[in-house]
Amino acid sequence: MSNTLIHQPFTEAAHDAVWADAQNTPCGVEGCNGWTHDPNEADSTKWSHEVVKEIFDGSTVEATIWSSRDGIVGDIQYEGYGEMTADDFRAEADKYEAYPAWLRSMADRMDTLSAQAWMEAHPNWDTIRVSEIMSTVPLSVVVLILALIKTAETA
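Under the working numbering, the first residue of the sequence shown carries the number 9, and numbering increases by one thereafter.
Please note that the accuracy of each hint is not assured.
Simulated restraints on C-beta separations [stated by the list, open to error]:
id: 1; residue 1: A25; residue 2: T53; range: 20 to 26 Å
id: 2; residue 1: K158; residue 2: E100; range: 28 to 34 Å
id: 3; residue 1: E91; residue 2: S139; range: 20 to 26 Å
25 Å max Cα-Cα, derived SDA-like pairs, lysine to any residue [to be verified]:
id: 4; residue 1: K103; residue 2: H130
id: 5; residue 1: K54; residue 2: F64
id: 6; residue 1: K54; residue 2: A71
id: 7; residue 1: K158; residue 2: M127
id: 8; residue 1: K103; residue 2: W133
id: 9; residue 1: K103; residue 2: Q124
id: 10; residue 1: K54; residue 2: H130
id: 11; residue 1: K54; residue 2: T120
id: 12; residue 1: K61; residue 2: A106
id: 13; residue 1: K103; residue 2: S67
id: 14; residue 1: K54; residue 2: S67
id: 15; residue 1: K103; residue 2: T93
id: 16; residue 1: K158; residue 2: D119
id: 17; residue 1: K61; residue 2: Q124
id: 18; residue 1: K54; residue 2: T93
id: 19; residue 1: K103; residue 2: E128
id: 20; residue 1: K103; residue 2: I84
id: 21; residue 1: K61; residue 2: T93
For the record, the hints were derived by calculation from the structure and aren't laboratory data.
Glycine included, C-beta positions come from ideal geometry on N, C-alpha and C.
Full structure from sequences and hints, please.
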């Protein structure tokens with residue numbers, strides 16, 4: 009007896025359907041838009057979760073923040089304009105004066121998400137010493153965690 013396996017080509021439509029299914033699968037991560045759900049990863053608990061996607065200057069710069077197995081991470085993508093005149097450069101310089109503040113706001117959001125994730129991962133936070141917290145996260149996140157602890161204690 010002979011078994012024959014017939015392989016069907018993986019069409020673009022099939023690929024799009026698989027990605028759409030993964031992206032539309034509810035994950036319970038607050039703010040997650042499903043964009044980074046991986047259809048090739050069967051265990052949905054190992055998926056990354058895109059929680060922030062912001063655009064600076066229309067669409068020239070895009071920042072994304074997501075949670076992953078490595079913690080809260082992000083990236084920036086820049087789409088330039090091509091050829092520009094001196095006046096174009098001056099106009100862009102005026103727009104980009106706000107860019108450092110925008111970057112800092114993205115960093116603050118990452119710290120907040122990291123602090124919230126730390127609190128969720130440590131339900132016994134009231135038994136953990138500050139030195140233990142400081143050994144696991146950056147100082148900017150420690151400050152936010154301590155504020156969350158203080159709020160939880162007074163609630």
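For each hint, the structure was consulted:
1. With their beta carbons about 23 Å apart, A25 and T53 fall inside the hinted range of 20 to 26 Å.
2. At roughly 43 Å, the beta-carbon separation of K158 and E100 lies outside the given 28 to 34 Å, and the hint is violated.
3. Here the CB-CB span from E91 to S139 is close to 55 Å, at odds with the stated 20 to 26 Å.
4. With a CA separation close to 42 Å, the supplied pair K103 and H130 exceeds the 25 Å bound.
5. With a CA separation close to 30 Å, the supplied pair K54 and F64 exceeds the 25 Å bound.
6. In summary, the hint linking K54 to A71 is supported, as the alpha carbons are separated by about 22 Å, within the 25 Å threshold.
7. As the CA atoms of K158 and M127 are separated by approximately 12 Å, the hinted pair is consistent with the 25 Å bound.
8. Under the criterion of a C-alpha separation no larger than 25 Å, the hint pairing K103 with W133 is inconsistent with the structure, at around 43 Å.
9. At roughly 33 Å between alpha-carbon atoms, K103 and Q124 are farther apart than 25 Å, so this suggested pair is violated.
10. Of the supplied pair hints, the one linking K54 and H130 holds, its CA atoms being roughly 19 Å apart against a limit of 25 Å.
11. Distance hint between K54 and T120 is fulfilled; the C-alpha atoms sit about 22 Å from each other, no more than 25 Å.
12. Annotation: proposed proximity of K61 to A106 holds, straight-line Cα distance about 18 Å (limit 25 Å).
13. Between K103 and S67 the alpha-carbon distance is near 13 Å, which keeps this suggested pair within the 25 Å criterion.
14. Distance check on the hinted pair: K54 and S67 sit about 30 Å apart at the alpha-carbon level, beyond 25 Å; violated.
15. Taken as a hint, the K103 and T93 pair is honoured in the structure, with Cα atoms around 15 Å apart against an allowance of 25 Å.
16. For the hint pairing K158 with D119, the CA-to-CA distance comes to about 17 Å; that is within 25 Å, so the pair holds.
17. Among the hinted pairs, K61 with Q124 is consistent with the structure: their alpha-carbon atoms are about 18 Å apart, no more than 25 Å.
18. Between K54 and T93, the direct Cα distance comes to roughly 47 Å. Violation of the 25 Å bound is thereby established for this hinted pair.
19. Among the hinted pairs, K103 with E128 is inconsistent with the structure: their alpha-carbon atoms are about 38 Å apart, more than 25 Å.
20. Between the alpha carbons of K103 and I84 the distance comes to roughly 17 Å, so the proposed pair stays at or under 25 Å and holds.
21. Straight-line distance between C-alpha atoms of K61 and T93 comes to about 30 Å, which puts the hinted pair past the 25 Å bound.
Going through the hint list in order, the structure does not satisfy hints 2, 3, 4, 5, 8, 9, 14, 18, 19 and 21.
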